[in-house]
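Student: One-letter residues, chain by chain:
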Amino acid sequence: MLVEFDLIQRAQAGDGAAFNQVVLAYRKRILGTIARLIGRPEDVEDVGQEVFLRLYYSLDQLRTPEVFEPWLYRLTVNASYDYLRKQRRRNEARMSDLTEQQVMMADASAGGKVSTEQERRKNVKELVEALLGAIPEQDRILLTLKEVEGLSLKELEKIYSVNENALKVRLFRARQRVLNAYQAVQKSGKQPVGSA
Amino acid sequence: MDQWNDELEQLFGQYKRAVPDPDASANFMPELWRKIEARQSLVVRVRRLTQVFVAAAAAICLVFAIFLATPNTDSQNINGTYVDVLAEAHPAENLTPLGIRTDTE
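First to last, the protein sequences are chains L and F.
Using the numbering used here, count along the first sequence one by one with no gaps and you end on 227.
Using the numbering used here, count along the second sequence one by one with no gaps and you end on 120.
Extracted from the complex, chain F is given alone in its bound form (with noise of 0.2 Å):
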């Protein structure tokens, strides 16, 4: 067993000297600060978008809570029950044609 090791040992040793530290081609750094530039042109961009989305976002916010928060002038003030109501809508004379006899008559 420990002659196999050993084996291995020295593969990876030999291993390691096939395949030297190359050396980086004169395109190495252009390419490089190209990349940089271009990933920081997208991180801009998604930035202004976000900020764009969030401002759009706040004034949509600001409509509705400006739309809830104001009275509605057009609603009746409504006084007595649900069944006056209902009695007030429907007038004892528009039911007797559907049939509907009230206790009045």
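In isolation and in its complexed conformation, chain L is listed as follows (with noise of 0.2 Å):
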């Protein structure tokens, strides 16, 4: 835990300085998890501002400390698939929709300062995007949160409030149906990640 249950416990009863604390204390962790769920910059701040309004509005439901980061996880995962699942539904390409790293790499192309760390950090971004993009939203989200984010199927268990054994069989084949395009991709002959 980042923040004493004491802490929370203030934010409960209504003290807005306590709540502040809680956000500034898991601020950077939740929009690091929503950027690398979304994919999307500039829409990572909105994400996360909605989900600290959604635990401002269900903290006097919360009992026990243990179950406070889960719970903080649910939120994150919650708001992040109402995110995708309302993107789905755009889909028309837009100036706008380009996101902030592409703008920025497009902005150093055009003044020849693409450094080769900066190209193969996008490469890498732009194919586990691809690859993630394979699966269902719910699934790229549960992969993410295991491979990238490193969550035990302890922790995803108590975020997901399903048993080992089910998280066991939807990562697996999530997992699987990612390992076979990514071998999809490096057989038909594009340069191995991180070789750049």
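By construction, these hints were calculated from the structure, which means they are not laboratory data.
On a predicted model such as this, the values are computed, not experimentally measured, just so you know.
Backbone N, C-alpha and C define an ideal beta-carbon position, used for all residues, glycine too.
You may find that some hints are simply not true.
[Said to hold, decoys possible] Partial list, derived from the structure: chain L residues whose beta carbon lies under 8 Å from chain F: (1) V155; (2) Y213; (3) Q214.
Make the complex out of the two chains shown on their own, each in a separate frame, by following the hints.
Tutor: What follows is the structure, given as structure tokens:
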């Protein structure tokens, strides 16, 4: 836990300063998770604010300190999933839909300043997002939490409120599909990732 | 297969480094509180609207209950059977012009 339960209790009692402290403690971590779950840097803050907004209005339901973090992750997963679902409905590609990173890369390219490291990161990001795009959003989120965020099965069990075996099956299937997509990409002759 | 698995594992690790935890903008907290307050006022409005609706429904129920409970003073006391009431409403002399003859005639 990044904060004492006492602080959460004060936030539950309506102490705005305590709630601010809770947000400040978890903000960076939650924004990072959201950034990797939704893959659109320009919308990360909006989704992050939605997570903390939901936290604010559901804080009074929290009874034990052990469940605070899984609960916060569940709110993060739900808000990210809602965002991805809404995004799916928007089909048209617009200039404003370019990610910050794409804009940055485009600017840098124009000035001939793209560094090798930036290029490599961009390739990794695009490849992983394309691979994860091959599986349903719910599985994408679950797989990202496990493989990228490094959450354990026990933690995922608390977040999703389902038993470990069901999670293992879902994770295995999702990973298999991503693995197949990865193999197909590599066999099609693209450069191995990270070798640039 | 293990080689592919290892590569994928490595790729996920590189992805985490390629997309680091971002720093929030200076506007993050003020915007969050603005959203909290906006939703709070919406909740208050919905609650007030619900209270008004419940109060109005209760008042209407009360009016109907009073209306139904009040005895209707205009209604006549009905004595006798349905046939008696019918006979009283249509005296025999009124039926003759219509070609209806009664046993008493």
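Student: Determine for every hint whether it applies to the structure shown.
Tutor: Results for each hint:
Evaluation of the V155 (chain L) hint against chain F yields a held restraint, the C-beta minimum of about 5 Å falling below 8 Å. The criterion of a C-beta within 8 Å of any C-beta in chain F is met by Y213 (chain L), whose closest approach is roughly 6 Å, and the hint holds. Of the supplied interface hints, the one on Q214 (chain L) holds, with its beta-carbon coming within about 6 Å of a beta-carbon of chain F, less than 8 Å.
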